[in-house]
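Undergrad: Each chain, written out:
Number of protein chains: 2
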Amino acid sequence: MKALIVSGHNFEDSELLVPYYRLLEEGVETHIASSQAGPLRGKHGCLVEAQALAQIDGGEYGLLVLPGGKAPAVLSKDEMLLDLVRDFMAAGKTVAAICHGPQILAAAGVLAGRRVTCYCTVAKELQGAGASYLDQSVVVDGNLITARQPRDLPDFMREIIRRCQG
Amino acid sequence: MKALIVSGHNFEDSELLVPYYRLLEEGVETHIASSQAGPLRGKHGCLVEAQALAQIDGGEYGLLVLPGGKAPAVLSKDEMLLDLVRDFMAAGKTVAAICHGPQILAAAGVLAGRRVTCYCTVAKELQGAGASYLDQSVVVDGNLITARQPRDLPDFMREIIRRCQG
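Protein sequence lines, in the order shown, are assigned to chains A and B.
Residue 186, in my numbering, is where the first sequence stops; the numbers in between run on with no holes.
Residue 186, in my numbering, is where the second sequence stops; the numbers in between run on with no holes.
Among these hints, one or two may not hold up.
Since the list gives no way to pick out one identical chain from another, each pair is judged satisfied if it fits inside one copy or across any two copies.
[Claimed, not checked] No farther apart than 25 Å at their CA atoms in a straight line, the calculated lysine to any residue pairs in the SDA-like style are these: (1) K22 <-> M109; (2) K90 <-> L60; (3) K22 <-> E80.
The set of hints was computed from the structure by calculation and includes no laboratory data.
When you get a sec, could you build the whole thing from the sequences and use the hints?
TA: What follows is the structure, encoded as structure tokens:
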């Protein structure tokens, strides 16, 4: 199984770095992609190298991870990413989003009737997209795994890794 | 088992954040300490809150993690930390250091005859302290786990978690 992490400038550093290294520890080949290729700078200053989404074949991946920070508000307008999210959801493949990451799911229109969590300030946006918001560290609803914030990373990763092993 | 991560300002962000969240995922109660209490800023800009080493009872912990970055060069002069390292080593408890972290082990005088790795520029300092340097992603020598750099975090964490489970 391969994993794809999609983010952009001003990603929440811990929410990208922790899944990236954790998935590699688990032996999962993991790539980072963004709207354009090149280095991405986290909102605290960490740098990661991203491939361009246009060069990615989503069919190769079984897991999509969407970190938070300020990147998701911008990524929510990337039609290529929204199509990728819809493809993952239609195929029932695992989609994991944390903090502001679920904004991308709302923009993709895949949340109607789904149970989710997210950063507290994003809750109304997700409810407006038809989701039921739960104030829990992590919410698992079928193929969808969502979490609230950096301090929920341990619970978020435990659920993601369970899927990788299943 | 409880884990203690000790670092200071200008820690390598990924080398502190990844062990911290990974150990919590594993259910290991994990604390961060430094020479003084307060927020620590990573060399890229991430912030974490640290307790003062003077408030820490080393006997409560079974695992000591020493991240890299620029912090270890300063921490190598903290006699309270050097005593803590010597206590861990004398008790055969797990000590895990990455990148520049092993500089602290050299300063504590606990490396004579031990096999280690570290960031390449630190190798001579460790050899001068009596260690055998190996250019491998991770080196396990008894209770001592060392790794070279951020990209070795997956191998480093795999060995640390194996000890937590053992």
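Undergrad: It remains to establish, for every hint, whether it holds in the given structure.
TA: For each hint, the structure was consulted:
no.: 1; hint: K22 <-> M109; result: within (16 Å within a copy, 39 Å between copies)
no.: 2; hint: K90 <-> L60; result: both (12 Å within a copy, 23 Å between copies)
no.: 3; hint: K22 <-> E80; result: within (7 Å within a copy, 39 Å between copies)
Of the numbered hints given earlier, the model fails none.
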